[in-house]
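Spelled out from the first residue to the last, the chains are:
There are 4 protein chains.
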Amino acid sequence: MSDGPAVPSDDVFPDSGSVAIERHWHEECGVFGIFPHPDASHLTYLGLHALQHRGQESAGIVTTDGERLRSRLAMGLVQDVFDGNTLDELKGHGAIGHVRYSTTGSSTPDNIQPFFGNYAGGHIALAHNGNLINADQLKHELEARGALFRGTSDTEVILYLAIQSKQSSATDRIIEALGQVKGAYSLVVMTDESLIAVRDPHGFRPLVLGKVKDAYVVASETCAFRLVDADYVREVEPGEVIEITRDGLKSYFPWGKSTPTARCIFEYVYFARPDSLIYQRNVYVVRREMGRILAREAPVAADVIVPVPDSGVPAAIGFSEVSGIPYQTGLIRSHYVGRTFIEPRDSIRNFGVRLKLSPVHEVLRGQRVVVVDDSIVRGTTSRKLVHLFRKAGAVEVHMRISSPPTIGSCYYGVDTPNREELIASKQSVDEIRDYLGADSLAYLSLDGMRDAAGNHDGYCDACFTGRYPVAVGEPSVAQLPLFTSHPELPVAPP
Amino acid sequence: MSDGPAVPSDDVFPDSGSVAIERHWHEECGVFGIFPHPDASHLTYLGLHALQHRGQESAGIVTTDGERLRSRLAMGLVQDVFDGNTLDELKGHGAIGHVRYSTTGSSTPDNIQPFFGNYAGGHIALAHNGNLINADQLKHELEARGALFRGTSDTEVILYLAIQSKQSSATDRIIEALGQVKGAYSLVVMTDESLIAVRDPHGFRPLVLGKVKDAYVVASETCAFRLVDADYVREVEPGEVIEITRDGLKSYFPWGKSTPTARCIFEYVYFARPDSLIYQRNVYVVRREMGRILAREAPVAADVIVPVPDSGVPAAIGFSEVSGIPYQTGLIRSHYVGRTFIEPRDSIRNFGVRLKLSPVHEVLRGQRVVVVDDSIVRGTTSRKLVHLFRKAGAVEVHMRISSPPTIGSCYYGVDTPNREELIASKQSVDEIRDYLGADSLAYLSLDGMRDAAGNHDGYCDACFTGRYPVAVGEPSVAQLPLFTSHPELPVAPP
Amino acid sequence: MSDGPAVPSDDVFPDSGSVAIERHWHEECGVFGIFPHPDASHLTYLGLHALQHRGQESAGIVTTDGERLRSRLAMGLVQDVFDGNTLDELKGHGAIGHVRYSTTGSSTPDNIQPFFGNYAGGHIALAHNGNLINADQLKHELEARGALFRGTSDTEVILYLAIQSKQSSATDRIIEALGQVKGAYSLVVMTDESLIAVRDPHGFRPLVLGKVKDAYVVASETCAFRLVDADYVREVEPGEVIEITRDGLKSYFPWGKSTPTARCIFEYVYFARPDSLIYQRNVYVVRREMGRILAREAPVAADVIVPVPDSGVPAAIGFSEVSGIPYQTGLIRSHYVGRTFIEPRDSIRNFGVRLKLSPVHEVLRGQRVVVVDDSIVRGTTSRKLVHLFRKAGAVEVHMRISSPPTIGSCYYGVDTPNREELIASKQSVDEIRDYLGADSLAYLSLDGMRDAAGNHDGYCDACFTGRYPVAVGEPSVAQLPLFTSHPELPVAPP
Amino acid sequence: MSDGPAVPSDDVFPDSGSVAIERHWHEECGVFGIFPHPDASHLTYLGLHALQHRGQESAGIVTTDGERLRSRLAMGLVQDVFDGNTLDELKGHGAIGHVRYSTTGSSTPDNIQPFFGNYAGGHIALAHNGNLINADQLKHELEARGALFRGTSDTEVILYLAIQSKQSSATDRIIEALGQVKGAYSLVVMTDESLIAVRDPHGFRPLVLGKVKDAYVVASETCAFRLVDADYVREVEPGEVIEITRDGLKSYFPWGKSTPTARCIFEYVYFARPDSLIYQRNVYVVRREMGRILAREAPVAADVIVPVPDSGVPAAIGFSEVSGIPYQTGLIRSHYVGRTFIEPRDSIRNFGVRLKLSPVHEVLRGQRVVVVDDSIVRGTTSRKLVHLFRKAGAVEVHMRISSPPTIGSCYYGVDTPNREELIASKQSVDEIRDYLGADSLAYLSLDGMRDAAGNHDGYCDACFTGRYPVAVGEPSVAQLPLFTSHPELPVAPP
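Sequence lines, in order, name chains H, E, S and X. The C-terminal residue of the first sequence carries number 725 in the numbering used here, and the numbering is unbroken. The C-terminal residue of the second sequence carries number 725 in the numbering used here, and the numbering is unbroken. The C-terminal residue of the third sequence carries number 725 in the numbering used here, and the numbering is unbroken. The C-terminal residue of the fourth sequence carries number 725 in the numbering used here, and the numbering is unbroken.
Some clues are possibly wrong.
Repeated chains share a single entry, so a pair holds when one copy, or any two copies, can fit it.
Listed next, the in silico DSS-like pairs over lysine-lysine satisfying Cα-Cα at most 30 Å (straight line) [to be verified]:
#: 1; residue 1: K413; residue 2: K322
#: 2; residue 1: K397; residue 2: K444
#: 3; residue 1: K397; residue 2: K413
#: 4; residue 1: K622; residue 2: K397
#: 5; residue 1: K442; residue 2: K488
#: 6; residue 1: K622; residue 2: K442
#: 7; residue 1: K413; residue 2: K622
Keep in mind that the hints were calculated from the coordinates and are not lab data.
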């Protein structure tokens, strides 16, 4: 069991009239683009559907037929925002799309992506996964030069920088624009004649390139390629700008090839779909390996391994393989808890996790149970789970977390609580264990996580270490969680 | 009966799955603003409701509480776009609102007003009734300076000109912006600390000022004041800029007081509500006078006067008063034909006007009928009406139109067909009469219309005369109907 | 001015979150049927649309293709309940439809008509306009024989009586069923092979027969025939049963031809559309005649006649014709106040009638105004109107009501308030005039109303006289307003 | 590999504009009831939510406050049919609810349950899981006695039999009614003063009793108790009638205790939720045991065990435990494929299972894969899965089905295809294996399934054996799939 800096947490996220049980941080976006293909809008629909786990709040598609843009953007799931008629009306050989999860404060129609419009160079549309560190400063400068910001999204900043560039080609405008921003961005940009894909030099967020017949596709994860029958080509590399036209593909590294990169390691821990390749490795395999290493680092005498579904499954399988303790589905997840589920009356509330997760008593009764989860945020959901397991008859409950304690907020495109809400930022593992009411608690070590990811370098693990690859200045209160540098963990210069 | 150069027209406007019978041109907008009032959003809702006849396609309200803007904009009627919760959430002491009718091509969510955003000077929101002549040229200039246009509305041009102005106050920015535009605009602009109302120097579109307790209200028509219990103060004068702050009202004439003005005379003919004051005259009284003069100009031996409801009613009453022929409600209008009414199957279609207008046979049978309508656009609906009257037993059908033949499109904020679709631009009155199948047809003379309006000067009557107060250059095809100045056609009196 | 038994009334009907200003009683239904026609559902849609004024709460259509029924029933307006797909799915050569207004208490989906189902004799569907006097008693008897009532509508009673009849043909079953009921009913019944139309022996509610090509149509009013291009054939006579099959039409008078009939005279006063023939007379002409007689009975020195739109218009025109006082449109009615219009906040409420009716000051200022309305219910709306006229500058306000005082509730299919809520049941005309704040008030006399209707016999005028053609027993509280016989007006036996 | 009588099947179920991939038969219903509890409607909502897997087409709740019923029934998921307001309006201390999956033909609002109404004995509401064998005959008899059937559901038959009973108490009426029906029924019946729960003497469908404070709850599965914090008391026994009033619970066995029972064994195979107790055994444990026995019956040399999620998971775990071959999550299931998901264009279609199930190549590549599924219907989906596995790199694909071949339709409340559509009714296991393209295929033996279920007697396994516990006569075409008795398998009398 770990005795390092401690951590925990889960969460019940009640929002107006609905119960959403959130144990996790939220990816803020998924992006998709295709060019040129006669069914561009339909394929983008399928691609966004495969990326739905990266953002469920809003969805949008913009298409071009070379002469004008057509768009459909709305709050809701991909399958609710679009229907057959809508997709047919989104004519054109090029399309980009976006799914979005957003922080509560900016959950407005004005922020739905892609952003698009007409400027001196023609039409442009842009979809963005990431977060800029210097957006506020740039916004002020752009306003001083006459920009009007409709929403609060960083994406508008990039769009304005591009259209105000003096470069002649759209690709050069985008390159010039991105030369001024700091932070995380995986971008797809569409003009009437091209699709441009860009990944920031640190490569914070994933972005992959595929091909379906004569068309290129770009997506946040490879799982989007499966559905559109595209072949995986390769990652868009950190710092790479790819321009796709009818003449084919060109690649640029306008800022050189930076080392080391800072790929988000949390994609492996939780965000990405298990069937995706992320940074050229399969997510399921990495997660299973996390469980295997955790079993070696924090063994425990027990009768049964139970994952918290669905994200805890691969690590639980790995833990079972190494420990030899049987793997069982001891928690059943309901597939029917959606946005419209209403909160029970006060008098009958406090069912908490039971709405979504239900224990199988016969698997747990009288057993020493190892519960495997991928991470802990606030600790509240984990605590309820431990209680649920005990009530179902477990005689011992051992929590095993397949990532290290999360001690820092993310400023690179992930919706995280403020640092002080992260239980591991304030409590030791022992304290957290006591709070959860577990018999034991152990986290995967940093080295264990890095081993599972196959590399010790090239990842951003700031949320686990407090070492931020791109220095965060004095962010505006509205935009970013208040950051207090971690005394003993010096913040690295970018 | 007139034999002069003829004109007419009506229209059946089928759009996707619905039948809308349109005999008329469409006003493009109504605007409303109030500052400062604790119930700003609720009063704006009522004001927009009273202005609903000026635009049924979309509605929007933006409010300020001095610190941030809140907005709700959507396609639909005022009462469908807003509900009690929405209005409560639109907090603030200042509000502006807009209702819009738009041409088919630009009927997209991106064009819903008010436009708003954040710029170097703070927050700004803008609602516009009118049309700019030089929007395209300005748009190109602005794009060259880095502007991004999300929709196709002229309003964005004004907004960008304002925020890129070097003036320090919002009012001065607006004044500087408007110094560059040509055309028609009645504007309400809201900042965090003020409400600004502007009417272009020609005064094309109406705009009035009122007061409710300590707050000022601005609206397209006085009928909006009734509903919010505001007192009418006066017209916003052509060329006037009114700035309303917590300190009271200031008036500016930055471009001097121009003469002559060019107030749209078609407001009297059709657009405005009969209970409104327009240009300080009551609309109902002007319309009735049009009917009275028409009765003198084009008398006819007949048994009954029947208006085409509702817009033909006041002139029909006037015609009856002068002619002594009894006024009767010989056409009943259905109140239930809305946007969702579906088109009957082909096999049983062609009911045309019957869906909305139904004849009272007992009033028409065996009678010589004078049908009074306010105008004719394409002639198709009038033709069906004449047929309907004959089928109901009328032995003679005499059409009397309470305005002159419409021979030109409008470029100042009214949605009109291209010139060539206007029947009076191509046919003589005799030809139109024959097309309609009427026994006689007469239009009100230009002088008659001007007499009824109380003035021969100060009006824009370009749609009747082809004399455009602000020269129209080479408008873009998308934006404006192709205009060819009508050199050889001094418009003949009927 | 009348000094007889006094009367009043109008009403503001606030229901959950919406403002509906109701000056009137409510017709409870409109019915339509067609057989056999390949476009049966589409024509029924159009027919119901024309009958929409008879009921706006719910709409339903049931069709037959000879083998099975298809149905669509929902709360809402005809154009909102049906779309093109729905109508296409309602296959079949026969169709009946229904629009409904209901009392608040029974406003549930379970009462939407037509009622339909499968029984020993095959399929049956039934739509009903009217109200039974002995429904409660029959319901108990039917329940004792094993019936299950899903809703609270009388129509289910008729349906059960019919299917439990031992007769072999559907027509005979219906006849036998109706032999047991008392009250008002205009019915359309559909089986797989026939359409049956029935009107009760008193002929309380209207019902007319038409023909379109080889198909017969039946409807509450002739206005429904216009829209489907059907020719008016004749009234379905009181006490008549019409059976329409592919072999043609058969007529029965199973209960003999009763005299006198008791046709609802209020159809002329308010319910029916002005372009309809009701009881073979045109409604507009009758209403105008009511105004003409009223002008003779209750003359007044005044400057202008103003109708309360739209129902007061014909009588106002008649009043103007006889009195020679000019008719003017002094009140403008908004077409945009629908079910979803929200109630203004308390702080800015009490606008009352202004939401729907707006005065034209220039027509009223300094004038002695005669306001013509068709009836008064509670008096509250009339009172607000008088206030509105005075505020608009009228120096005198004279109310003229084109029907006698309403002193009794209706038990024959009209939604009326309890007797004690009718202002005329408790107050004299002078008292009502004082309550309204009018300078004078006069109602049309009973004889005047009967003269206008062309007959003194054959009408039910119970709401004006308290003489009920069919004795009302001890109605259940839920079903009927509490009836207290009018002391001096003995209730006639049926 | 098995060489016994062969069987298979899966299915792609395309319905209007949506893609639903259905590998399974459909349970037709879930029922829930509670009495007496102040939050009856809210708890019923939660209970139905937990039973959502038993029916996703429609949902309904009826409540009683002792004086009247209140109801809400609509097409859709539980969380879409009800919101907080609706539940608050469903006042009362008693409630029953129903979720329903229905066959295509009868998917109409008229069949949504509970059914309810008013009859001689007061109010009654009824919700039903099951199917009657003699419904058609009873329907004809009831029609002959004057019943009217609104929908096509068997439930109306029971309701009519009950209300036409001469018994005085509701419980006795229900008992008398059920004495006449044959087939499967688990019922909850609500009157103003009681809740009655009944299970047919064969006990085809499950029904359990629980307690929450002073109230009793009845539900199809115990998983509904978890969510409402109720304690499991026991099964409602086959042939038992339980009457719950404010005075407590009474139990009756009006038809004696029948042996043997015929509990549906397919609940263990697929229908029930893994965390439920069904027939007093935990579903997860039974399913895992099926996998364990299958591993012994049909071993195979392989590298990895992959379940078809989610229903194949427990058996796959059991198979892995016995075989020692590692269990891996080689197929990822999307949680976002709902009713509104649109079908891709023809040109890009045929993605089939990929929309819902996505392979993890890294788990499958180069491996000999054992795919564990619970059953095969038509075989089409299984065939696509085999192809998917091969395309992902599997070198061998061995299908293992944790139940015997399904050769017969169900007539006891499960929506099954006609016998001839079941691949195993026409093909041998070898033929099916060839059709699927698998390297091997094996089904669990009948004895193996019975061993896993813990008993060889007391189950209905007609779909596997063709031995129907209740003889099926000549069912109407509309109601039941055409049944041909299996030559070599004599149909047992009940």
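Task: Identical-chain pair category, K622 with K442, by Cα at 30 Å - done: Close across copies (17 Å), not inside one copy (52 Å); limit 30 Å.
Open item on the list: Within a copy, between copies, both or neither: which one fits K413 and K322 at a CA-CA cutoff of 30 Å?
Closed with: neither (35 Å within a copy, 35 Å between copies)
TODO: Could you place K413 and K622 in one of the four classes (within, between, both, neither) given a Cα distance threshold of 30 Å?
DONE: neither (50 Å within a copy, 42 Å between copies)
- [ ] Could you place K622 and K397 in one of the four classes (within, between, both, neither) given a Cα distance threshold of 30 Å?
- [x] Intra 67 Å, inter 49 Å, cutoff 30 Å: neither.
Open item on the list: Please sort K442 with K488 into within, between, both or neither, judging by C-alpha distance up to 30 Å.
Closed with: For K442 and K488, the Cα distance is within 30 Å only inside one copy (24 Å; across copies 65 Å).
Task: K397 and K444: within-copy, between-copy, both or neither at 30 Å Cα - done: neither (35 Å within a copy, 52 Å between copies)
Open item on the list: My question is about K397 and K413: at a cut-off of 30 Å on alpha-carbon distance, are they close within one copy, between copies, both, or neither?
Closed with: This pair counts as both: shortest intra-copy Cα distance 20 Å, inter-copy 29 Å.
Hints 1, 2, 4, 7 from the list above are not met by this structure, while the remaining hints are.
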